[in-house]
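Residue numbers (full-length UniProt numbering): 1 to 271.
None of these hints come from the bench; they were simulated from the model. Remember, predicted model here, so these are calculated numbers, not experimental data. You may find that some hints are simply not true.
[Unchecked claim] Below 27 Å or equal to it, Euclidean Cα-Cα: the simulated DSS-like pairs (lysine-lysine) are:
1. Lys30 x Lys210
2. Lys210 x Lys82
3. Lys161 x Lys82
4. Lys161 x Lys120
5. Lys25 x Lys82
[Stated by the list, open to error] What follows is a list of derived Cβ distance ranges for each label pair:
6. Ile45 x Ser121: 23 to 33 Å
7. Thr12 x Thr106: 24 to 34 Å
8. Ser44 x Phe143: 11 to 21 Å
9. Pro24 x Val162: 10 to 20 Å
The C-beta atom is built at its ideal place from N, Cα and C for all residues, glycine as well.
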Amino acid sequence: MGPAWGMGHTQTCQVVLDILSRCPKLETCKLLVHDPQDVHLEESIVECPSIHTFDLQSAGAPLLTSGRLLSRLSLPELRDFKLRGQAELQGVFAVDALVSSLAASTHLASVSIDSDSFTKSSLTDFLRGLPPTILRLQITDRFHTWQLSPSDGSLDDDVLKVLNASPEDHLIHCPALQELVMLHCRKISDEALGSFIISRMPILRVVDVKFDRERQVDILPSLESFLEAGLQTSITYISLMPPQFSPWQGLPDPPPGQWGQGGWGWPSSTY
1 MGPAWGMGHT QTCQVVLDIL SRCPKLETCK LLVHDPQDVH LEESIVECPS IHTFDLQSAG
61 APLLTSGRLL SRLSLPELRD FKLRGQAELQ GVFAVDALVS SLAASTHLAS VSIDSDSFTK
121 SSLTDFLRGL PPTILRLQIT DRFHTWQLSP SDGSLDDDVL KVLNASPEDH LIHCPALQEL
181 VMLHCRKISD EALGSFIISR MPILRVVDVK FDRERQVDIL PSLESFLEAG LQTSITYISL
241 MPPQFSPWQG LPDPPPGQWG QGGWGWPSST Y
């Protein structure tokens with residue numbers, strides 16, 4: 001479907017269902033949906049035999065909206081699912097309908113979500129409910145001004161621990177997971193990330209994590225054997241540096257190497 005972003009292009013779930021019922025050959029779908037919770041949806045299931053990529057942004061109540069919409073769709077070829085949208089503070093956070101709908105897509109391999117669509121408990125339930133076919137998981141951590149502090153976010157060590165695997169576990173969530181991407185992390189600790197990586201070897205192949213904080217613990221030594229065996233990692237931190245004031249600040253043409261070329265900023269460190 002065509003461009004969906006921008007509030008002027010929002011559609012209700014029923015409108016989306018009506019459109020999709022007329023597009024049996026559609027392969028990629030990108031939507032911005034705003035759906036009143038009190039509007040009844042038709043009970044019939046819309047067959048979408050060709051859709052392999054479904055990108056949904058919800059303008060309010062993303063878990064409720066995605067669950068309502070996907071529960072009315074048959075997506076047998078779905079391989080890539082993306083969900084975005086900031087949940088309301090008093091929103092509905094039940095993930096049952098969404099999880100059961102994704103489980104019906106037996107080819108689903110990639111899931112990308114934003115943390116602000118979830119509470120901590122609903123994000124935990126969502127990860128536990130993902131189908132075993134998942135190969136790639138991406139979580140983008142979002143922080144908004146209405147949150148009192150980053151500690152109010154949903155993505156933390158406890159949530160990541162849900163994906164840890166150990167010989168004692170009778171049920172491993174996302175057992176085939178090969179790639180984990182986490183962007184703008186604030187509350188995941190280095191130790192928790194290291195524990196996750198070690199527990200997931202040798203199946204895990206790619207780890208791409210961008211922290212919005214400084215490095216606290218160097219976990220690289222504990223990963224060396226896995227890196228030598230082929231594990232690919234990109235773990236990036238922000239290095240907070242004090243401002244370096246210059247007497248040339250504010251002048252039109254500072255000398256080379258002074259303010260404007262070597263000033264202060266937010267450099268990052270990577271390994």
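Looking at the structure, which of the earlier hints fail to hold?
8 and 9
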